[in-house]
Amino acid sequence: MTPKTAAKRSAKPRSAGLPYFTFRRMADGSVLLSNDAGRTAAVSGKDFARFSAGRLGSGEPLYAELAAKGFVREMTDFEGYAAACSKKNAFLGAGPGLHILVMTLRCNHKCLYCQSGALGAGGRGTDMSRAVARKSVDFALKSTNPGITIEFQGGEPLLNWDTLKDSVLYARGRGRELGREVRLALVSNFSLMTEEKARFLVENEVSVCTSLDGPADLHNKNRTFSGGNSHAHTARWLKYFIGRAAKQVPEYRTFTPSALLTVSRYSLGREKDIVDEYLRQGLADIFVRPLAPIGYAKKLWPRIGYSSEEFARFYRNSLDYIIKLNAAGKKIRERHAVIMLEKIVNGGDPGYLDMRCPCGAAIGQVAYNYNGDLYACDEGRMVGWEGDDLFRIGNVLRDSYRKVMLAPASRACAAASSLESQPQCSRCVYKPWCGVCPVYNYETQGSLWGDMPSSGRCALSLGMFDALFGLLKKPASAKILKEWVQK
Amino acid sequence: MSENISIRVSLKKYSLDSVRYAAHSLGGLVYAFIKPLPGGKVLVELSPKPGTTAAKAAGCARLFRGELEDEKLRERVSSGNRELREFLLLKAMNYQPKPPEKDDSGLTPQQEKELNDLIAQIEGEIKAEAAKGASADPLGITSTWEDKYDPKNGRKKIR
Chain A
1 MTPKTAAKRS
11 AKPRSAGLPY
21 FTFRRMADGS
31 VLLSNDAGRT
41 AAVSGKDFAR
51 FSAGRLGSGE
61 PLYAELAAKG
71 FVREMTDFEG
81 YAAACSKKNA
91 FLGAGPGLHI
101 LVMTLRCNHK
111 CLYCQSGALG
121 AGGRGTDMSR
131 AVARKSVDFA
141 LKSTNPGITI
151 EFQGGEPLLN
161 WDTLKDSVLY
171 ARGRGRELGR
181 EVRLALVSNF
191 SLMTEEKARF
201 LVENEVSVCT
211 SLDGPADLHN
221 KNRTFSGGNS
231 HAHTARWLKY
241 FIGRAAKQVP
251 EYRTFTPSAL
261 LTVSRYSLGR
271 EKDIVDEYLR
281 QGLADIFVRP
291 LAPIGYAKKL
301 WPRIGYSSEE
311 FARFYRNSLD
321 YIIKLNAAGK
331 KIRERHAVIM
341 LEKIVNGGDP
351 GYLDMRCPCG
361 AAIGQVAYNY
371 NGDLYACDEG
381 RMVGWEGDDL
391 FRIGNVLRDS
401 YRKVMLAPAS
411 RACAAASSLE
421 SQPQCSRCVY
431 KPWCGVCPVY
441 NYETQGSLWG
451 DMPSSGRCAL
461 SLGMFDALFG
471 LLKKPASAKI
481 LKEWVQK
Chain B
488 MSENISIRVS
498 LKKYSLDSVR
508 YAAHSLGGLV
518 YAFIKPLPGG
528 KVLVELSPKP
538 GTTAAKAAGC
548 ARLFRGELED
558 EKLRERVSSG
568 NRELREFLLL
578 KAMNYQPKPP
588 EKDDSGLTPQ
598 QEKELNDLIA
608 QIEGEIKAEA
618 AKGASADPLG
628 ITSTWEDKYD
638 PKNGRKKIR
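The listed protein sequences derive, respectively, from chains A and B. Take the first sequence: its position 45, counting from 1, is numbered 45 in my numbering, and each next residue is one higher. Take the second sequence: its position 90, counting from 1, is numbered 577 in my numbering, and each next residue is one higher.
In isolation and in its complexed conformation, chain A is listed as follows (with noise of 0.2 Å):
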């Protein structure tokens, strides 16, 4: 071979060598590289397209730090890229792991964003009973995976204290006999919390989670309860947790209280004043969610939504001020850049069901509506209560736990949300680490499958992500986030 033919032949682009990877272009001109191990590079414009056209030099660091990460196909680690993709999909065929059981519809409080269909406090016929409460908890135990939570919801639960009281003895009994690890939660307002009911919840090892969307006037403006202040009672109970929490006892575990904030058109503007309100009530975490277009929260879309970019600049402003607070030496983390970066970062899934491929339906979770109705996940349930009823997968009186897991609707969302189906998540290079939500698709767009270029939940989720990339490509915010998520 001559040296003119090598080197006619080297300058040809040799991208048919390049390894399977998704890629997109950033606001900032760089490209950001993604492959199925979920591994990452950011490149600028320019190496990209060296890299593309097969020019980049085996003696560069750039080539080094790809080939390290699995984006030079010679060089791929086959062992180590197949552990990489085992570990982020480790919960593939561990069974649901999520098992809401709706102890009544009745909620006394009417939040604007509602999407669960709650009823008033004076509702009938909408509580669970207890007959259907413990066979809800032996269809629970069917799961095959190792770890299940039963998560008590509501309406609001502890309207159904006698029923609630009762499934978490009878879970913890079941549970010692099985020798199953069986975690409880509940989900509550907190505003029917008494002393004897929450030493129980302490003493039966049952963690609690509240809502908390801000200081007072925004809690109360989003939170309308009809017996007084909404925020007093959630700072009093979070300060009773939070308490309890800290003096750990030999006799059982006590989990510090979490609370969840729901993003309305009242939040923008006032990120600060809501994280300060968390580190005021002495929480660790803030959890930035987004509101939904589902249920009550629908049909108010006027007056409380707001647009992706909106909510995506709220997202920015809030993990910057939590970023600054902690350099400052606070701490206190985002939950969902956490969960994101248990999965960038650890390569771990965190478990999250409703950012996960396939999504969590059925296969992630169960939700168990009053009347012993079994739903793959609890927003198909919400969807139920308005009257259609595609995603009820069984009656767990009448139906064997095969049966639910082969459900129709079991196996649509299963597909309907599997990430390589969808033209545009197949491409994304967010794909390692999002997940579509059929229920969000089936009641915004009208088809489980959706249409991604043009759905809100999209273009949110790609706000939240430029928003956390852009951040580790700095080098004193990447410190902060990795160290959120530090084994």
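Rather than coming from a laboratory, the hints here were simulated on the basis of the structure. Among the clues, some could well be false.
Stated by the list, open to error - Quick list of simulated restraints, FRET-style, between CB atoms:
no. : chain 1 : residue 1 : chain 2 : residue 2 : range
1   : A       : Gly348    : B       : Ala542    : 50 to 56 Å
2   : B       : Ala541    : A       : Leu397    : 56 to 62 Å
3   : B       : Asp604    : A       : Gly54     : 40 to 46 Å
4   : A       : Ala42     : B       : Asp504    : 24 to 30 Å
5   : A       : Glu177    : B       : Leu594    : 54 to 60 Å
6   : A       : Glu203    : B       : Glu633    : 29 to 35 Å
7   : A       : Pro61     : B       : Gly627    : 42 to 48 Å
8   : B       : Glu610    : A       : Asp399    : 37 to 43 Å
9   : B       : Asp504    : A       : Glu177    : 38 to 44 Å
Claimed, not checked - Okay, derived cross-link-like pairs now, DSSO-like style, lysine-lysine, Cα gap no bigger than 27 Å in a straight line:
no. : chain 1 : residue 1 : chain 2 : residue 2
10  : A       : Lys142    : B       : Lys585
11  : A       : Lys343    : B       : Lys585
12  : A       : Lys487    : B       : Lys585
Claimed, not checked - Computed footprint of chain A on chain B; a stretch qualifies when at least three of its residues, placed anywhere within it, have a C-beta under 8 Å from a C-beta of chain A:
no. : region
13  : 500-512
14  : 538-550
15  : 599-610
Note that the Cβ used here is the ideal one computed from N, Cα and C, for glycine as well.
Since chain A is already given, all that's left is putting chain B on it; use the hints.
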């Protein structure tokens, strides 16, 4: 109301799939119609959706051209790695951490032959299982806890 944008694309340069994907990616801003033209070409008509500002609509032709180039690369990368990707994902699905390797197996030639026969037999069984298709439920999604871990089945109980 913004006007429609028409773009001619040669199918000699770009595949029809690339044209479709590039057009689909703009679905948040426009409706796209793809019409065949003589001479191995297609006409892509982008019609702004209600709510798309004139400024955004004006940028759609440039966006489409950029997406088309990116799609061409995606298509090449995807088709060039289909088999390798399937192999890697299959490997990941069945991944078991490798046990530390020993320098010497310590087996006699007869034992080595028996081991190889056993491996061949297991491989045959795996192949037969795989041939049963999806109904075999390889991930055990329809199995209950008892099916999988009941001590009566001789399996280990998880604590």
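Against the structure, the hints come out as follows:
Here the CB-CB span from Gly348/A to Ala542/B is close to 42 Å, at odds with the stated 50 to 56 Å. About 59 Å separates the C-beta atoms of Ala541/B and Leu397/A, a value consistent with the hinted range of 56 to 62 Å. For the pair Asp604/B and Gly54/A, the beta carbons lie near 45 Å from each other, so the given range of 40 to 46 Å is met. Here the CB-CB span from Ala42/A to Asp504/B is close to 28 Å, well matched to the stated 24 to 30 Å.
Between Glu177/A and Leu594/B the beta carbon distance is about 46 Å. The supplied range of 54 to 60 Å is therefore violated. A beta carbon spacing of about 30 Å between Glu203/A and Glu633/B agrees with the range 29 to 35 Å that was offered as a hint. Between Pro61/A and Gly627/B the beta carbons are some 45 Å apart, a value that agrees with the proposed interval 42 to 48 Å. Range check, Glu610/B to Asp399/A: Cβ separation about 38 Å, and the 37 to 43 Å hint holds.
A hinted range of 38 to 44 Å is violated for the C-beta pair Asp504/B and Glu177/A, which are about 56 Å apart. This hinted pair does not check out: Lys142/A and Lys585/B have alpha carbons roughly 31 Å apart, beyond 27 Å. For a cut-off of 27 Å, the pair hint linking Lys343/A to Lys585/B stands: about 23 Å separates their Cα positions. At most 27 Å may separate the alpha-carbon atoms for a hinted pair to count; Lys487/A and Lys585/B meet this at roughly 24 Å.
Interface restraint, the region 500-512 of chain B with chain A: holds (3 residues with C-beta to C-beta distance below 8 Å; minimum three). For the region 538-550 of chain B, the stated coverage by chain A is not satisfied: 0 residues place a CB nearer than 8 Å to a CB of that chain, which falls below the threshold of 3. A count of 0 residues in the region 599-610 of chain B with a Cβ less than 8 Å from any Cβ of chain A is obtained; the coverage claim is therefore unmet, three being the minimum.
Checked against the numbered hints given earlier, the structure breaks hints 1, 5, 9, 10, 14 and 15 and satisfies all the rest.
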